[in-house]
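Engineer: In the working numbering, the protein residues as written are 21 to 277.
Take the hints with a grain of salt, since some may be wrong.
[As the list claims (entries may be wrong)] Quick list of in silico lysine to aspartate or glutamate cross-link-like pairs, EDC-like style, CA-CA up to 20 Å: (1) Lys249 to Asp225; (2) Lys145 to Glu165; (3) Lys29 to Glu56; (4) Lys249 to Glu56; (5) Lys160 to Glu131; (6) Lys210 to Asp225; (7) Lys145 to Asp177; (8) Lys207 to Glu104.
If you are wondering where the hints come from, they were derived from the structure by calculation, not from laboratory data.
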Amino acid sequence: MYPRLFLAKQLLADDGVIFISIDDNEQHHLKMLMNEVFGEGCFVAQFPWRKGTAKSDVPFGVSQDYEWIISYAKETYNAGLTIERKYHSSDDYPNDRWRLSDLTKQTSAEERVNSAFNLINPKTKKSYPYNPQRVWSVTKDTFQEYYDKGKIVFPDDYDFLNITIPAYRVFESEDKAKALKKHGSEKAIKAVSTFLPKEVGRNEDGNKEMIELFDSKLFNFPKPTSLIKYIYSMINDDNAFVIPPFLTLAKNRISIV
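Between the sequences and the hints, there should be enough to build the whole structure, so can you do that?
Structural biologist: Here it is in structure tokens:
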């Protein structure tokens with residue numbers, strides 16, 4: 021196993037990452053090998069994947085329903101899931117779409133006295149009281165500045181909005197600039213959780229897909245394509261290569277064993 025892992029590391033680009041699926045019996049052995057080959061500091065995460073449902077005819081009466089997907093980086097790697105945001109278009113900002121964000125923050129009136137005030141819509145003069153347990157993110161002194169920049173939206177400002185309290189406006193250009201600076205891409209990215217959603221599928225889904233393709237079960241424990249796609253979605257590079265690392269010597273950014 022060591023020579024294969026060593027070779028896999030050589031195949032990776034400097035910002036590449038490898039994902040390896042392993043069961044409970046071998047998980048700790050693999051982790052020690054990976055630490056030796058890649059280094060403890062290059063450990064990314066260990067994802068628990070529910071491969072099946074509970075069985076009754078198992079040793080000790082315990083059904084091993086999970087496998088572990090262990091991930092290591094070669095040098096640097098930043099995981100992330102693309103966020104599909106909903107943007108609005110309006111005549112007052114024809115060149116930049118926008119979305120709404122929360123205008124409050126998790127701070128009480130006692131902690132942030134200058135944000136404990138009623139917001140008044142300059143156009144309609146309608147007042148919106150503050151929440152003593154969650155005050156506005158703007159202060160009495162900064163409200164007018166943000167409003168003049170178009171950053172504060174009131175419920176009556178647009179007929180197509182369904183909001184009851186003032187909100188903070190974020191322009192699409194701002195999102196892209198922030199993402200480009202942080203991730204090197206204009207795509208909006210959020211952090212990845214080690215919790216894998218049920219949509220990634222199970223072993224039985226992989227078996228069904230294999231039979232549909234080849235009319236037979238060629239090998240045991242095939243991974244469903246939904247799981248592979250989800251892992252790929254963590255990679256913030258539209259030009260990334262996804263390959264089994266021992267089928268080719270091409271340089272790749274992500275390897276899946």
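Engineer: Taking each numbered hint in turn, which are not upheld by the structure, reported in ascending numerical order?
Structural biologist: Those not satisfied are hints 4, 6.
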